[in-house]
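*Asks:* Given the structure of chain Z, go ahead and fit chain U onto it with the hints provided.
Each chain, letter by letter, is given below.
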Amino acid sequence: MTMDSSTHISVRGVHKVFQSGGQDVYALKAIDLEVARGEFVCLLGPSGCGKSTLLNAVAGFSLPTSGVIDVEGTAIIAPGPDRGMVFQEYALFPWMTVEQNIAFGLQIKGDAKAAIQEKVDQLLGLLHLQDFRKRYPKDLSGGMRQRVAIARVLALDSPIMLMDEPFGALDALTRRNLQDELLRLWTELRKTILFVTHSIEEALYLADRTVVMTYRPGTIKRDLYVDLPRPRDVASPGFNALKKELSLLLMEEQNRHEQDEFRGAAVD
Amino acid sequence: MKRYKHAASGILVPLAALAFWQLLSTMGWVNATILPSPMQVLTKWWAYLRPMEAFDPAQGPYLKWCLSGELIQDAMGSLYRVLVGFAIGTGLALPLGLAMGYSKVAYGLFNPLIQVLRPIPPIAYIPLSILWFGLGNPPAVFLISIGAFFPMLMNTVAGVQNVDSIYLRVGRNLGASRYTQFTRIILPAATPYIFTGARIGMGTAFIVVIVSEMIAVNNGLGYRILEAREYLWSDKIIAGMFTIGLLGLGIDTLMSRLSSRLLRWHRGLEQG
Numbered sequence: 029m030t031m032d033s034s035t036h037i038s039v040r041g042v043h044k045v046f047q048s049g050g051q052d053v054y055a056l057k058a059i060d061l062e063v064a065r066g067e068f069v070c071l072l073g074p075s076g077c078g079k080s081t082l083l084n085a086v087a088g089f090s091l092p093t094s095g096v097i098d099v100e101g102t103a104i105i106a107p108g109p110d111r112g113m114v115f116q117e118y119a120l121f122p123w124m125t126v127e128q129n130i131a132f133g134l135q136i137k138g139d140a141k142a143a144i145q146e147k148v149d150q151l152l153g154l155l156h157l158q159d160f161r162k163r164y165p166k167d168l169s170g171g172m173r174q175r176v177a178i179a180r181v182l183a184l185d186s187p188i189m190l191m192d193e194p195f196g197a198l199d200a201l202t203r204r205n206l207q208d209e210l211l212r213l214w215t216e217l218r219k220t221i222l223f224v225t226h227s228i229e230e231a232l233y234l235a236d237r238t239v240v241m242t243y244r245p246g247t248i249k250r251d252l253y254v255d256l257p258r259p260r261d262v263a264s265p266g267f268n269a270l271k272k273e274l275s276l277l278l279m280e281e282q283n284r285h286e287q288d289e290f291r292g293a294a295v296d
Numbered sequence: 038m039k040r041y042k043h044a045a046s047g048i049l050v051p052l053a054a055l056a057f058w059q060l061l062s063t064m065g066w067v068n069a070t071i072l073p074s075p076m077q078v079l080t081k082w083w084a085y086l087r088p089m090e091a092f093d094p095a096q097g098p099y100l101k102w103c104l105s106g107e108l109i110q111d112a113m114g115s116l117y118r119v120l121v122g123f124a125i126g127t128g129l130a131l132p133l134g135l136a137m138g139y140s141k142v143a144y145g146l147f148n149p150l151i152q153v154l155r156p157i158p159p160i161a162y163i164p165l166s167i168l169w170f171g172l173g174n175p176p177a178v179f180l181i182s183i184g185a186f187f188p189m190l191m192n193t194v195a196g197v198q199n200v201d202s203i204y205l206r207v208g209r210n211l212g213a214s215r216y217t218q219f220t221r222i223i224l225p226a227a228t229p230y231i232f233t234g235a236r237i238g239m240g241t242a243f244i245v246v247i248v249s250e251m252i253a254v255n256n257g258l259g260y261r262i263l264e265a266r267e268y269l270w271s272d273k274i275i276a277g278m279f280t281i282g283l284l285g286l287g288i289d290t291l292m293s294r295l296s297s298r299l300l301r302w303h304r305g306l307e308q309g
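Residue numbers (my numbering), protein chains in the order written: chain Z, 29 to 296; chain U, 38 to 309.
Next comes chain Z alone, as it looks inside the complex:
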């Protein structure tokens, strides 16, 4: 198989099989996906479609049953700081202050104290967190927590950012705010981003490319390049045309998911 030199993440022939009630369930089936350097790709689908499974496989948390995932031509065998992950539940360490959370990855790397402080200060500024540096996560709003989680990953300077429904738990305004913030950071830092969501609008607002996945077995149903200029206008005809197209695709999968649930089969 030939590989474009601009390819950053390459997923080839990936299967992921779970056992459920004595049966094989294909969370992922024959997934092929190439993500270019600096590309912003959204994985879109109903719950149970395997989008998070795919993300976790790229992160190295749960390796594929068969198939290969390469980053820059090197097969992934374990999690690592070259693929920083932002989780839906924020997953900040509650016993660390904002500052300490951001610094943790750098301490693990073994950076010098002064260098860590400088980097942390810079990130606090970048994400408008200066006034919260000594706070504990319990004293922060959901939006603030997710800013800290993003800063913690950015501290690693990893070329790839993996995001698992990071804004799913936020209210609409905070969500849009953070989406804009993320686009600004992405433009500035040129990361390759793999972003899981179940919101069509979010995918179309953010991504260069939206990959729609099917409900069990998890396959790629549609690989759509979002050819709209940024900043994107969610009320524009072009945006709405794509939204409608994706809605129809997603609805089919949602229906299959529901029928499956009604049959009392295993869920998620």
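Every clue listed holds true.
Partner residues aside, some chain U positions facing chain Z, computed with beta carbon under 7 Å: (1) I203; (2) V207; (3) R209; (4) N210; (5) L211; (6) G212; (7) A213; (8) T217; (9) P225; (10) W302; (11) R304.
Listing some non-contacts, in silico: residues in chain Z with all C-beta distances to chain U over 10 Å: (12) A103; (13) E146; (14) K147; (15) L152; (16) G153; (17) K249; (18) A263; (19) G266; (20) K272.
Rather than coming from a laboratory, the hints here were simulated on the basis of the structure.
Please read all numbers here as calculations on a predicted model, not as lab measurements.
The C-beta atom is built at its ideal place from N, Cα and C for all residues, glycine as well.
*Replies:* For chain U alone, coordinates are given in the frame of chain Z:
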């Protein structure tokens, strides 16, 4: 304002109980040997607390004289046993608990024995403790350390086992070694449980010290109330009991202050 109201209503029932108690004695409804009046108890309490001899500079400094009262000496004796027993019991339970919580192998090896020993009340060890350690502080400290050991152990195991796996995933994602995972993630995540274990362990230690003093030593608050019984000094028994109660309350308050200070990041059982 609301706080004062709260405090006022909190003192209502104790005051009523005290008044009722005083009434019982004043009216002569109960024999003073069975239940002495509150005033009588208070008088005895003061006598128990105050130094037994007049101050004499030749005997040592003033502060030493102040602390020479029987009650202070008893309280210090009990406290000493509690602290030594607690330190030994929790000092052994903490590393074992961490190992059992972290490693399935360690858990499999130790848990069966622990489960067999755990339901045995520390008091049941009294005969053996005397056989092994004779009389004096050693058997008392032994019993107290058993009392403090199990709550600390069980809570530490639970604390380590209940560390949310998402934190471990983040740790792996950030590239943390197993050692860093343990010291910077598992250990702090388990501290709320460990502190609870320490607090319960301290409570148990305090119960056991009183019992152990009734059998193995000849000072301490537990010894003193048993001694008072020999002489039918019910006022001293009650004074001793209240001293035990207040000391226990003081220690528990101290422990909970300390833990909320060290765990100010923690928001209870809610998800962080």
